[in-house]
Structures are given as C-alpha cells and as structure tokens.
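Asks: Listed here are the chains, written in short residue letters.
Number of protein chains: 2
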Amino acid sequence: MARIAVDAMGGDRAPGAIVDGAVQAARLLPVEVILVGPEERLKKIGMSESPALTVRKKRDSSITQMVELAKKREVDAVVSAGNTGAVVVAASLGLGLLSGIERPGIAILIPSLKGPVLVIDVGANVDSKPLHLYQYALMGSVYMREVLGKQNPSVGLLNVGEEESKGTDFTRESFKLLEESKLNFTGNIEGRDIFLGTCDVTVCEGFVGNVALKVSEGVAFALKELLVKELRRTFLNRLGASLLLPAFNRLKRQMDYAEYGGAPLLGVDGACFICHGASSAKAIRNAIRSAATFVSHEVNRRIVSAAVQPEGASA
Amino acid sequence: MARIAVDAMGGDRAPGAIVDGAVQAARLLPVEVILVGPEERLKKIGMSESPALTVRKKRDSSITQMVELAKKREVDAVVSAGNTGAVVVAASLGLGLLSGIERPGIAILIPSLKGPVLVIDVGANVDSKPLHLYQYALMGSVYMREVLGKQNPSVGLLNVGEEESKGTDFTRESFKLLEESKLNFTGNIEGRDIFLGTCDVTVCEGFVGNVALKVSEGVAFALKELLVKELRRTFLNRLGASLLLPAFNRLKRQMDYAEYGGAPLLGVDGACFICHGASSAKAIRNAIRSAATFVSHEVNRRIVSAAVQPEGASA
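Going down the list, the protein sequences come from chains A and B.
Going by our numbering, the first residue of the first sequence is number 131, and it counts up by one from there.
Going by our numbering, the first residue of the second sequence is number 131, and it counts up by one from there.
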C-alpha cells in the first residue's frame with residue numbers, strides 16, 4: 131500500500147480542503163496518508179479518525195519535512211498545494227534527480243477535445259537546453275503510458291509554426307533531438323493544438339509552458355465570467371440557463387483540472403505531486419490517487435530504464 | 131483621405147471575404163481602398179463598382195507590390211490577411227524601421243474582462259533583446275493612446291510570477307529597463323492577467339506572445355465546441371439553448387477578434403496591418419478602419435517622437 135505524505139498547510143484552502151481530501155483518499159483508496167503540519171491544529175479539525183491517516187508534527191516547513199520523509203523512504207510520495215517554486219527546489223535538492231535526467235519538469239494534464247493531454251515543462255525550469263526537452267518528452271511519454279494507459283503516446287514540440295525550420299535555434303535543435311529519438315515524435319505544434327488534442331505529450335521550455343498554462347486558465351475564467359453575466363441579464367436568459375444547468379455542469383466537469391489531481395514533478399528521485407494553489411478536496415484526493423498509481427506502476431524505474439537505453443526499450 | 135492598399139489574395143477566405151470587406155470600407159469609411167491582386171479575377175467578382183475602390187494588377191506577390199506602393203507613398207497603409215511571416219519580412223525590408231526602433235513587433239488587441247488590451251510582440255521576432263521589449267512597450271503605449279483613446283496606458287511585462295526577481299535574465303533586464311522608463315509600467319504580470327485586463331499593454335518576446343495568442347484561440351475554440359455539443363444533447367438543452375441564443379450571440383461578439391480588425395506591425399516606417407488568416411469581411415473592414423485611424427493620428431510620428439525623447443514627451 132503506497133504511503134503518501136500530504137502537505138496539510140499548503141494551498142489557498144489549507145488546511146480545511148487539504149484535510150478533507152486526505153481523509154477521502156484514506157477512506158476510498160488503497161493508500162496510507164500521512165498529513166504533515168501542526169499536529170494540534172489538524173487534530174482539532176478532526177481528521178484523524180481514519181486508520182490510514184496519521185499526522186506528523188511540523189518541525190521545519192511542511193514541504194521540507196515531507197521531502198525528508200521521502201528521502202528516508204518512510205513515504206513513497208509527497209503531495210503539496212503549497213508554493214510551486216518551494217516544492218520544486220525542496221524536492222530537487224532533497225531527493226536528487228533520476229539517473230540520466232538533468233532537469234526536473236512539471237508535467238500537467240490539460241483537458242483537450244480528445245481527452246487529457248500532458249504538457250511538460252510548465253515552470254520547474256526557465257533555462258532549459260534542447261537535451262532537457264528531449265528528457266521531458268521521454269518522461270512525459272512514460273507517464274502517459276503508465277499512469278494514463280496511453281500506448282505509444284505521440285509527442286509534439288510547442289513552436290510558432292509547424293515547419294521544421296520554424297522558431298529559434300533552441301527549438302530547431304530540440305526538434306532534431308526529438309526526431310532522432312525513438313519517441314513517437316510527430317513534429318512541431320502550435321499553441322492552439324494543445325486543446326485540440328493534436329498530440330498526447332506537448333514539450334516546451336518552462337517559461338513558455340507556464341505562460342501557456344496560465345493563459346488557458348485566464349481565457350477559461352474570462353469566458354465563464356462573461357457567460358454568467360449574459361445568462362443573468364434577462365428573465366428569459368435566466369430561464370434558459372436554468373434548463374441548461376445540467377449541461378453547464380457537465381461542461382464544467384470536463385474542464386475541471388481537479389479531475390486530474392496534481393501535476394507530477396518528473397525527474398526527481400521520488401514521487402512528488404504539485405497541486406494548484408486553489409485545490410479543492412477533490413483535487414487533493416485525485417492527486418493522491420495519481421501519486422499512488424505513479425508508485426505502483428514504478429514510473430521512475432521505467433523512466434531510468436528508458437533514459438539509459440534510449441533504443442526505445444520500455445523496461 | 132487615407133489611401134489603404136488591401137491584399138485581395140491573402141487569407142483563407144480570399145478573395146471573396148477580402149473584396150467584400152474592402153467594398154464595405156470604401157462605402158462606409160472616409161478612405162480610398164486599393165485592392166491589390168489579379169485584376170481580371172477581381173473585376174469578375176464585381177467589386178469595382180465603388181468610386182473609392184481601385185484595382186492594381188498583380189506583378190510580383192501582392193504583398194511585395196503593396197509594400198512597393200507604400201514605399202513610393204502612393205498608399206498610406208497596407209492591410210493583408212496573407213502569410214504573417216511573409217508580410218513581416220516584406221514590410222520590414224521594404225519600408226525600413228522607424229528612427230529609434232530596432233525591431234518591429236506585431237501588436238494584437240485581445241478581449242479582456244475590462245475591454246480590449248494590447249499584446250506585443252506576438253511573433254514578428256523570436257530573438258528579442260530587453261531593449262526591444264522596452265521599444266515594444268513604448269510603441270504599444272502610443273498605439274493604445276492614439277488609436278484606442280486610452281490615456282496613460284499601463285504596461286505589464288509577461289512573466290512567470292509577479293515578483294521582480296521572477297523569470298530569466300532576459301525578463302529581469304527587461305523589467306529594469308521598463309521600470310527606469312517614463313512609461314506607466316506596473317510590473318510583471320502572469321498569463322491569466324492578460325484576460326482579466328490587469329494592464330492595457332502586455333509586452334513579451336515574440337515566441338512567448340505567439341504561443342499565448344494561439345493558446346487563447348485554442349481554449350476558446352475547444353470550450354465553444356464542448357458547449358455546443360452539450361447544448362445539443364437533449365430536447366431540454368436545445369430548448370434552453372434557443373432561449374439563450376441572443377445571450378450567446380452577445381458573448382460571441384464580445385470575444386470576436388474581427389471587431390478589432392487587424393494587428394499593426396509597429397516599428398516599420400509605414401502603416402502595416404496584419405489580419406488573421408481566417409479573416410471575415412467584417413475583420414477586413416475593421417482593419418481598414420484601424421489603418422485609417424493609425425494614419426490620421428500620425429502614430430508613427432508620435433512613436434519616433436517618444437523614442438527620441440524618452441522623457442515621456444508625447445509629441
């Protein structure tokens with residue numbers, strides 16, 4: 131049974147939503163959840179009723195303490211909705227990197243017209259080299275196969291046009307490395323292709339990936355705000371909207387990042403899941419589920435195996 | 131009366147939509163429109179009935195020919211929905227750059243919760259230096275003031291976090307230049323802030339801006355597709371949707387890029403507007419209107435004046 135440490139104090143809705151999500155996971159999933167944070171405070175909100183849930187007193191920051199637990203192999207994975215930069219630094223330094231991997235990358239699942247697609251890196255690094263992009267593609271492919279069950283995932287390189295010559299020296303060199311690899315590389319893609327589901331894994335440098343992710347959040351939020359305003363404008367609109375409530379809710383579920391849980395920090399020698407700062411209990415529960423799958427499918431062993439034997443052997 | 135050359139053959143819906151838009155503009159606006167393209171073909175579709183509309187026979191590519199006309203000052207502005215890269219190259223080389231400006235930048239108006247905001251550069255260059263970002267900010271500010279009537283427009287630097295230290299050496303150096311300038315610089319912004327309307331002008335390097343623009347298109351398209359699918363699912367949904375048709379149409383208009391017409395290529399010594407490849411007649415008409423405003427408000431003279439006297443003098 132996977133042992134998952136959860137940062138009780140990380141995130142905008144901590145500790146309430148975090149504790150709720152951890153309790154739900156401990157009850158519903160075959161996992162052991164270790165909440166890390168101030169013991170007294172957490173005990174007070176009554177989450178210690180589940181046998182699969184324990185609390186660790188906070189000595190250092192909860193992130194540092196979680197990483198310590200993972201380093202000593204007292205837990206198999208860590209989950210945090212705390213500051214992303216702090217989690218990346220603590221996990222990278224505390225756990226070290228996998229053999230054959232030079233930089234960690236945050237891999238996020240994004241809803242597309244053809245189901246969830248993976249984008250890596252969305253901000254662990256902002257000084258990537260082409261080789262790092264190849265390694266992101268490799269790690270993302272293993273993750274999509276092992277955790278999402280996608281066989282032979284296709285890989286696209288985020289660029290400003292589809293032709294091989296497009297972009298910068300950086301993208302052209304990355305293109306070459308990906309093309310020469312045994313990955314299922316399908317070429318350059320543009321920003322809009324991510325959401326059309328053109329390929330299963332999109333690789334990009336962390337600055338660009340971070341902007342792409344936050345732009346997509348911003349557009350979705352703005353559209354929702356404008357739509358809600360329109361729907362409240364007249365009586366007929368409100369009537370129509372009430373008829374469509376189930377449809378809007380279905381749409382909302384399809385676009386809900388919380389369905390996919392957290393984003394793995396791929397490349398560290400351990401399992402580390404980073405959750406959105408605004409994570410709900412459901413998002414935390416699903417991140418814990420993803421972390422458990424990550425552990426049981428031995429994603430890291432398969433990444434190392436693929437990185438060491440780049441002839442396409444999949445462990 | 132501004133004389134505007136329009137590329138009759140550029141764009142996915144050329145020449146039909148282009149000619150329609152040009153005819154509308156020639157009738158409705160105080161402009162003289164010169165359609166550039168194969169004379170016989172254009173005459174056949176009967177658009178030469180307006181006195182303010184003439185046709186130029188195509189010798190070279192229509193883009194090259196338009197730039198030639200602008201260079202000889204036979205027209206005041208050029209408008210094309212053709213290949214963006216080709217327009218950028220033809221205009222930059224053919225017209226040259228404004229005094230004090232080292233790189234041209236494509237400035238696009240994007241709908242936000244607080245009305246249209248400008249993003250520059252969305253792909254004219256993918257090898258910008260910090261000084262170019264400062265010049266983009268300066269040109270974008272002049273454009274927002276002169277063409278959109280926005281007094282003292284605020285400028286944000288697109289980054290991966292709000293703190294000054296965030297990002298790369300490139301963004302930190304750009305931040306410094308912007309902060310020391312007389313522009314109304316309000317600091318770093320993140321991808322989602324563009325659509326919240328946090329600032330009037332967002333500056334970024336062309337690769338990032340291009341990805342941001344195309345990601346926003348992709349998200350909006352995917353959401354629309356998913357919504358339409360939901361609305362057709364059941365009889366009650368279709369009933370509700372029919373009640374909401376006016377609301378959806380209002381929303382569509384608010385998000386319609388065609389309302390804002392084309393994107394100016396700021397920095398070239400002339401007026402050059404680049405339109406979306408999928409431009410409708412309305413988009414072309416509005417681009418011609420923007421080009422006419424650009425000319426009548428002497429945007430370029432004001433850019434040169436602001437670039438030469440960086441003490442904030444606004445010509």
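Some clues are possibly wrong.
Intra- or inter-copy, both count: the list cannot distinguish identical chains.
[Stated by the list, open to error] In the DSS-like style, the derived pairs of lysine-lysine whose C-alpha atoms are separated by at most 25 angstroms in a straight line are:
1) Lys359 x Lys244
2) Lys280 x Lys244
3) Lys296 x Lys312
4) Lys201 x Lys280
5) Lys201 x Lys244
6) Lys354 x Lys382
7) Lys312 x Lys412
8) Lys312 x Lys382
Don't read these hints as lab results, they were simulated from the structure.
Asks: Now tell me, hint by hint, if it's right for this structure.
Replies: Now the hints, each set against the structure:
Only between protomers do Lys359 and Lys244 lie at most 25 angstroms apart by alpha-carbon distance; the minimum there is 13 angstroms, versus 29 angstroms within a single protomer. Taking the closest pair of Cα atoms, Lys280 and Lys244 come within 25 angstroms of each other only inside a single copy of the chain (12 angstroms); across copies the shortest separation is 41 angstroms, beyond that limit. Taking CA atoms no more than 25 angstroms apart as the test, Lys296 paired with Lys312 passes inside one copy only; the shortest distance there is 22 angstroms, against 35 angstroms between copies. Neither within a single protomer nor between protomers do Lys201 and Lys280 lie at most 25 angstroms apart by alpha-carbon distance, with minima of 30 angstroms and 55 angstroms respectively.
Proximity of Lys201 to Lys244 under the C-alpha cut-off of 25 angstroms is found in neither arrangement, the shortest distances being 38 angstroms within a copy and 48 angstroms between copies. Proximity of Lys354 and Lys382 under a CA criterion of 25 angstroms is satisfied in both settings, with 10 angstroms inside one chain copy and 12 angstroms between copies. Neither within a single protomer nor between protomers do Lys312 and Lys412 lie at most 25 angstroms apart by alpha-carbon distance, with minima of 37 angstroms and 47 angstroms respectively. In this homomeric assembly, Lys312 and Lys382 never come within 25 angstroms of each other (Cα to Cα): the closest approach is 37 angstroms inside a single copy and 44 angstroms across copies.
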